[in-house]
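Here's the letter readout for the chains.
Protein chains: 2
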Amino acid sequence: MKIEDIGEFGLIRRIKKFAVTDPSVIKGIGDDCAVIDTGSHAYTLMTCDMIVEGVDFERGERPQRIGRKALAVSLSDIAACGGLPHYALVSLGLPAKTPVAVVDELYRGMAALAREYGVSIVGGDISKAPTLTIDLSLYGSVEKHQLVLRDGAREGDIIFVTGSFGGSIKGKHLTFTPRLKESAFLVNNFKVNSMIDCSDGLAQDLQHILEASNAGCILFEHMIPQSKASKGIEDALFSGEDFELIFTVGQEAARGIMAQTQFEFYPIGSVAAPRSGMRIIDDKGRGGRLEPKGFRHF
Amino acid sequence: MKIEDIGEFGLIRRIKKFAVTDPSVIKGIGDDCAVIDTGSHAYTLMTCDMIVEGVDFERGERPQRIGRKALAVSLSDIAACGGLPHYALVSLGLPAKTPVAVVDELYRGMAALAREYGVSIVGGDISKAPTLTIDLSLYGSVEKHQLVLRDGAREGDIIFVTGSFGGSIKGKHLTFTPRLKESAFLVNNFKVNSMIDCSDGLAQDLQHILEASNAGCILFEHMIPQSKASKGIEDALFSGEDFELIFTVGQEAARGIMAQTQFEFYPIGSVAAPRSGMRIIDDKGRGGRLEPKGFRHF
Numbered sequence: 391m392k393i394e395d396i397g398e399f400g401l402i403r404r405i406k407k408f409a410v411t412d413p414s415v416i417k418g419i420g421d422d423c424a425v426i427d428t429g430s431h432a433y434t435l436m437t438c439d440m441i442v443e444g445v446d447f448e449r450g451e452r453p454q455r456i457g458r459k460a461l462a463v464s465l466s467d468i469a470a471c472g473g474l475p476h477y478a479l480v481s482l483g484l485p486a487k488t489p490v491a492v493v494d495e496l497y498r499g500m501a502a503l504a505r506e507y508g509v510s511i512v513g514g515d516i517s518k519a520p521t522l523t524i525d526l527s528l529y530g531s532v533e534k535h536q537l538v539l540r541d542g543a544r545e546g547d548i549i550f551v552t553g554s555f556g557g558s559i560k561g562k563h564l565t566f567t568p569r570l571k572e573s574a575f576l577v578n579n580f581k582v583n584s585m586i587d588c589s590d591g592l593a594q595d596l597q598h599i600l601e602a603s604n605a606g607c608i609l610f611e612h613m614i615p616q617s618k619a620s621k622g623i624e625d626a627l628f629s630g631e632d633f634e635l636i637f638t639v640g641q642e643a644a645r646g647i648m649a650q651t652q653f654e655f656y657p658i659g660s661v662a663a664p665r666s667g668m669r670i671i672d673d674k675g676r677g678g679r680l681e682p683k684g685f686r687h688f
Numbered sequence: 391m392k393i394e395d396i397g398e399f400g401l402i403r404r405i406k407k408f409a410v411t412d413p414s415v416i417k418g419i420g421d422d423c424a425v426i427d428t429g430s431h432a433y434t435l436m437t438c439d440m441i442v443e444g445v446d447f448e449r450g451e452r453p454q455r456i457g458r459k460a461l462a463v464s465l466s467d468i469a470a471c472g473g474l475p476h477y478a479l480v481s482l483g484l485p486a487k488t489p490v491a492v493v494d495e496l497y498r499g500m501a502a503l504a505r506e507y508g509v510s511i512v513g514g515d516i517s518k519a520p521t522l523t524i525d526l527s528l529y530g531s532v533e534k535h536q537l538v539l540r541d542g543a544r545e546g547d548i549i550f551v552t553g554s555f556g557g558s559i560k561g562k563h564l565t566f567t568p569r570l571k572e573s574a575f576l577v578n579n580f581k582v583n584s585m586i587d588c589s590d591g592l593a594q595d596l597q598h599i600l601e602a603s604n605a606g607c608i609l610f611e612h613m614i615p616q617s618k619a620s621k622g623i624e625d626a627l628f629s630g631e632d633f634e635l636i637f638t639v640g641q642e643a644a645r646g647i648m649a650q651t652q653f654e655f656y657p658i659g660s661v662a663a664p665r666s667g668m669r670i671i672d673d674k675g676r677g678g679r680l681e682p683k684g685f686r687h688f
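These protein sequence lines map, in sequence, to chains A and B. The first sequence begins at 391 in this note's numbering and counts up one residue at a time. The second sequence begins at 391 in this note's numbering and counts up one residue at a time.
Only chain A is shown next, with the shape it has when bound in the complex (with noise of 0.2 Å):
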């Protein structure tokens, strides 16, 4: 039985048996990032995420983009759990004929982010590889009281999202804008049942939520936002690397939000009874099942 045969999330579901965790870990595998409790008045987050060449970005592609992005996807996940990132270890693996030029600019890219978000870049590690890779972790912190997982969709929360989907593989995956001011609004103001960040497609990202949270959907075409390169609402609601936020709140917090003009955040639906499943209303009227399909790696 090989990788591609079980799938991404049956291989993360397999990896999950073997993370023995102690108490002080209250969220392990399973959401955006891990969050621990180490006894101060704020938790710990830690997330990681790898980058590689040809898989995360083409050969060739222009490396401060590729820098960027590298932090950028790790600042998502620390958003999506309502906190502040502060120090990033960054791992390279790269062929020796690599210019020590794409290196440089690779941290340019890198740097400017982690300076407009205030992040340190702490230490690393260099080894040889036979293509460009890229691991960074990120380590930051969120108010106890202000922690957002994926598992507290209630029925009837209002589901919305920070921005537009479709057609990010035309740039918008190298460039989006991680959304931790939209999350420091969100949960400096308002309750967020639940959150996620969108970086494998809106479908299969809001089940995830769904799933966490033991819950169905109905989302509404029309109120979906497209991007510019979207080719369609297929490719807004399956192709991925979005990296906008899907988060879900009650009646009363939505009221809110769409009164509030600092932001703009779209609704796009509301969360429903399990036995509803996902379900989308199109255009015209006629509701359908919406398959949580998107990217996966295997």
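Some clues are possibly wrong.
It does not matter which identical chain is used: a pair holds within one copy or between any two.
[Claimed, not checked] Okay, derived cross-link-like pairs now, EDC-like style, lysine to aspartate or glutamate, Cα gap no bigger than 16 Å in a straight line: (1) LYS581 <-> GLU533; (2) LYS560 <-> GLU451; (3) LYS487 <-> ASP395; (4) LYS518 <-> GLU398; (5) LYS571 <-> GLU654; (6) LYS581 <-> GLU642; (7) LYS407 <-> GLU495; (8) LYS581 <-> ASP541; (9) LYS518 <-> GLU394; (10) LYS683 <-> GLU601; (11) LYS674 <-> GLU611; (12) LYS621 <-> GLU611; (13) LYS487 <-> GLU394; (14) LYS560 <-> GLU506; (15) LYS392 <-> ASP494; (16) LYS487 <-> GLU398; (17) LYS487 <-> ASP672; (18) LYS683 <-> GLU398; (19) LYS571 <-> GLU506; (20) LYS683 <-> ASP625; (21) LYS406 <-> ASP494; (22) LYS392 <-> GLU495.
Keep in mind the hints are simulated off the structure, nothing from the lab.
With chain A's structure known, arrange chain B on it following the hints.
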């Protein structure tokens, strides 16, 4: 100009320029771990290591030993700072055709060692990659007064090692014991002036201490413990991946260390004035210059 032209350490010096840090970062790039003051009674330690098939282990190596090594090398970094390990994130890059059993065994090896040292595996990432690549980041802590860095060696210090050197390619690089118990014993009982873990070779890693401390050394060839697999003094001095600790202490602590019987620590020489450079005295009493050569990725 390519990476291979400036070499691993040239590359690290270049990267350091980009590492903007804030005042909470006690030690950033350039030691075994990053050291952070989070306002708690202990410092936070952070380290990561990337291991790659064909570089750090051979294709076809037993996955249990690969997983074990992935964690062990980072445990060794925590030991080198006098700390305790707590939480690990594991990023795994692998080809789609990888048998599921390989991943199972890999995690089995890692989890067994994690349990042994009280480490919780709290998260990670999975990505498609051309060859098996593991990047593990480890978070630990160290009592503030017990932190040991590379830069505290003083003239007259005795240089000790925790075990034998040479021939680690025959197996020790996969099965070594990370010296956490030794490190804890040392920092609990003595003032350790400087410490490093030996991954790139005794001569080269000792030079990292001496360079950071602005010091020289005199080693005695016959006092350097050689592994059974060692092919001779050159192998012991330069081949790397022994993962023993090298540390220096003042004369009084040295006497205490030699008087205790709980652990085996081997004195191999002493710290000298910087103008001495690195010198080694051979079995016949002849002195010579010790070249700080060893394993380098580039």
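Consistency of the hints with the structure:
{"no.": "1", "hint": "LYS581 <-> GLU533", "result": "within (13 Å within a copy, 37 Å between copies)"}
{"no.": "2", "hint": "LYS560 <-> GLU451", "result": "within (12 Å within a copy, 40 Å between copies)"}
{"no.": "3", "hint": "LYS487 <-> ASP395", "result": "between (35 Å within a copy, 9 Å between copies)"}
{"no.": "4", "hint": "LYS518 <-> GLU398", "result": "between (26 Å within a copy, 10 Å between copies)"}
{"no.": "5", "hint": "LYS571 <-> GLU654", "result": "within (11 Å within a copy, 54 Å between copies)"}
{"no.": "6", "hint": "LYS581 <-> GLU642", "result": "within (10 Å within a copy, 59 Å between copies)"}
{"no.": "7", "hint": "LYS407 <-> GLU495", "result": "between (40 Å within a copy, 12 Å between copies)"}
{"no.": "8", "hint": "LYS581 <-> ASP541", "result": "within (14 Å within a copy, 48 Å between copies)"}
{"no.": "9", "hint": "LYS518 <-> GLU394", "result": "between (26 Å within a copy, 10 Å between copies)"}
{"no.": "10", "hint": "LYS683 <-> GLU601", "result": "within (14 Å within a copy, 54 Å between copies)"}
{"no.": "11", "hint": "LYS674 <-> GLU611", "result": "within (10 Å within a copy, 84 Å between copies)"}
{"no.": "12", "hint": "LYS621 <-> GLU611", "result": "within (14 Å within a copy, 70 Å between copies)"}
{"no.": "13", "hint": "LYS487 <-> GLU394", "result": "between (31 Å within a copy, 6 Å between copies)"}
{"no.": "14", "hint": "LYS560 <-> GLU506", "result": "neither (24 Å within a copy, 47 Å between copies)"}
{"no.": "15", "hint": "LYS392 <-> ASP494", "result": "between (38 Å within a copy, 11 Å between copies)"}
{"no.": "16", "hint": "LYS487 <-> GLU398", "result": "between (32 Å within a copy, 13 Å between copies)"}
{"no.": "17", "hint": "LYS487 <-> ASP672", "result": "neither (52 Å within a copy, 39 Å between copies)"}
{"no.": "18", "hint": "LYS683 <-> GLU398", "result": "within (12 Å within a copy, 42 Å between copies)"}
{"no.": "19", "hint": "LYS571 <-> GLU506", "result": "within (11 Å within a copy, 41 Å between copies)"}
{"no.": "20", "hint": "LYS683 <-> ASP625", "result": "within (11 Å within a copy, 54 Å between copies)"}
{"no.": "21", "hint": "LYS406 <-> ASP494", "result": "between (37 Å within a copy, 11 Å between copies)"}
{"no.": "22", "hint": "LYS392 <-> GLU495", "result": "between (37 Å within a copy, 14 Å between copies)"}
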